[in-house]
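Read top to bottom, the protein sequences are chains A and B. Numbered according to the UniProt record's numbering, the first sequence spans residues 1 to 360. Numbered according to the UniProt record's numbering, the second sequence spans residues 1 to 502.
For the record, the hints were derived by calculation from the structure and aren't laboratory data. Remember, predicted model here, so these are calculated numbers, not experimental data. Each residue gets a CB set at the ideal place from its N, CA and C atoms; glycine is no exception. Some clues are possibly wrong.
Claimed, not checked - Below, a sample of chain A positions facing chain B; criterion: calculated Cβ distance under 7 Å:
no.	residue
1	Ala88
2	Ala89
3	Lys97
4	Pro134
5	Ile224
Unchecked claim - To give an idea of the chain A side of the interface with chain B (calculated C-beta under 8 Å), a few residues:
no.	residue
6	Glu94
7	Ala113
8	Val198
9	Gly201
10	Gln218
11	Asp221
12	Lys248
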Amino acid sequence: MRTDRRPSTAVTIGTDTRRKAAPRAVVASLAAAVLLAAGLAGCSGEEPKDITVYSGRTQSLVQPLIDEFTKKTGITVAVRYGTTAQTAAQLQEEGDKSPADVFLSQDAGALGAVAKAGLLAQVPAELLAKVPAPYQHAGGQWVGVTGRLRVFAYNADQVKPEELPKSVLDVTGPQWKGRLGVAPTNASFQTFVTALRVQHGDAKAKQFLDGIKANEPQIRDNNIVIVGEINDGKLPAGLVNHYYLFEKAAELGVSPDQLKVKLHYFGDGDTGGLLNVSGLGLLKKASGNAKAKQFMEYLLGVDGQTYFATKTFEYPLIAGVPTAPGLPSLADLKIPAINLNDLDTLAASVEMIKNSGLTS
Amino acid sequence: MLLTGSLLAVAVALIPLVYLGVRAAEAGGERIRAELLTGATAELAATSLALAALVTAGCLLLGVGAAFLVTRTDLPLRRTFGVVAALPLAMPTYVAAFGWVSVVDGFHGFWPAALVLTFCSFPYVYLPVAAALRSVDPAVEEVSQSLGRGGRRTFTGVTLRQIRPAVVAGGLLVTLYVLSDFGAVALLRVNTFTRSVFTSFDLGFDRVGALVQATALVVVTLVILGAELAVRRHDTRYAKVGGGTRRPARIVRLGPWRAPALLAIVAVAAGSFAVPGAALVRWTAEGVSRPGSPAEIAGAAANSMGVSALGAALTMLLALPIGLLTARAPGPLSAVLDRLTYLTHALPGLVVGLSLVFFGINVAYPLYQTRWLLALAYATLFLPLAVGAVASAAALSPPSLEEAARSLGRGPWAVLRTVTLPLTLPGIGAGAALVFLTCMKELPATLLLRPTGMDTLATELWTHTSVAAYAAASPYAALLVILSAGPVLVLARRALTPGGTP
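Take the sequences, apply the hints, and build the full model.
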């Protein structure tokens, strides 16, 4: 009865009627599956689009604007959506053979990484001229599109107005022990650390990160989670970007001031009130591609900038387009004027965040 | 012929390994040392392995327990519960974890993650074990009892031994799956290797560090496979010699244990389904965001099913030679080829996706960003699921039939077509169903490799949750689970049919 290390070799065939299946049916069904799937694959062959955009920004926020662009110009756009970091990795993997013409990134750091890999062409000078210098690549290889303000978000029931920190450096104080949400792996937090280093020096930045770490921070993966938990009363406060509050309000179908989560703006050039940017890069192969340039022009034009200001509640970067009602103007806030487009500095910031133990 | 096909399949499975090798060589020894020889790596490895071990143990307990209850006891509604116990396979871990997080306050960390992953993955053990319990010959158990062993000693001494290959195979799949899972560990905030690989891409947009970490994960997998091989070596196989029909196994009367057993199986079903389901309902009720038009939703569903069907068909075609080789020519060579398909099974989908980008750009550019390359990625990811199904089906059909056909003058192709394939057909069907539903749930590789502009249910779900539009996301999540449930029903029915294999 026992046979070692050998598969069982005898079975009773006749008892199982399914085994009598017509032989051809097997091959036929497998082949049919492949053909069916291949047929479906064939259906996807729509006519090729004029330009291809890789977007690290979300479809629901960007696609309406791109549809508008196509309607106005007749230029069709194939858009490939992904996360910003993964799209940057994909572009680096693809190298010169990338199908992409334009990279729309949620963050300047990712554009810096792609630029450093030598994949980006010079952004046309007239486009660079529209955007203030701190919000574009020093070598002109990417240009900012929208501004995203770092803020202090808090639950109005759990944090008293007099408790609100005047400077971001105050959040390492004992009153915030265990009460502060941060997302240290998030790109905007990384840029914030770079800003700290630029404004206050490495020693002070390190001291701040150690202070946060020692203060029992509530570590989260991203800003959405932090804002959601603050609104639900699960977290008293957090360091996030400003527009997540408006997304939350839109999802719940209420006006922003009906939410429990409120925003506190750091002023007077405090590093906590830094402005991050989302931006555009032109892939080398699309250098001189008039349609790709037209696309970038549209996003940096009045229509594109107004769309972002009113629909995603971000700060427009070109002159003459007003910010969304309810948001303080950048001039009133006196945001710190720091040039943040040096990628090597970003790598040092990442090293500092890793060493602080905030990411593990 | 089988060997050539097997080598081809192994080559596909090893694409990620080649890619990691290339990138690791670029990084250089110093960078690799700096990245890996740290306390953080040791901590990640410890957490990942502990989570995998705990979830595997939990899945073995739930899987074997549920299989025993529905095949060998007088549990009420056995057939219904037999299907219910397989259904969690249709639930993506990111949906389950999200559901738990939004229903239970403060639900995060190591133990909650272990709980969610156990609920989602125990069918990997349950299905093969239920099939094994159904198909083993009760005569051996009866002999044991007639020789004076009690019910419990017969179960541990005889029954468990007979189903051990199924238990080990299911356990291995669970272990490797847990190492590769991102959805649950990210949402529940447990720092595993895979989560660390994902965050490394975000940290400074540096993919080299992430890929070096992924290489370490391959080494961990190698150790696990070695351990599994050592366990498997001591397996004893029981073969029934001679003809005759098996009697159905004796049914154990649960007696006073009926109520607790019923309660346990209902609790598992609730944990796997009711909690995430409740969350979906709550999202829909709370939010005002709405999904795309019915046509868009239907389009995403059709795309999901189309690429998953293509992925399943391609995976089965590649798995067939290895599965048959393992069953027909067991030995060191087939064992090694079979194990090689598992080597990259613990890698995060993101890394496998990037390796296929690398492959598409450098080797198969005409296929790049077509459904074919995406299907190939699915084959790379899920080959072991398919190989296991084919091998276990082929092992149950006697090679003597093929030999008889050959001796009667049929050529090898004709034998394959007229004898071998029909005999392994049930295994092929089960494997295809399993791969299909796993493809449906896959996200990271799909995002990287899908044709530009093609949305699937999984990508739509990701799109909407990334802007907190949970109400818009919930129909996609629900549809994803419902459409994946179809193949699960096929699998469950097969596992519960005597003589069936998972």
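Evaluation of the provided hints:
1. Ala88: 5 Å, holds
2. Ala89: 4 Å, holds
3. Lys97: At 5 Å from the nearest chain B Cβ, Lys97 (chain A) passes the 7 Å test, so the hint holds.
4. Pro134: 20 Å, violated
5. Ile224: 5 Å, holds
6. Glu94: 5 Å, holds
7. Ala113: 4 Å, holds
8. Val198: 16 Å, violated
9. Gly201: 20 Å, violated
10. Gln218: At 10 Å from the nearest chain B Cβ, Gln218 (chain A) fails the 8 Å test, so the hint is violated.
11. Asp221: 6 Å, holds
12. Lys248: With a closest approach of 6 Å, the Lys248 (chain A) hint holds.
When held up to the earlier numbered hints, the structure conflicts with 4, 8, 9 and 10 and fits the remainder.
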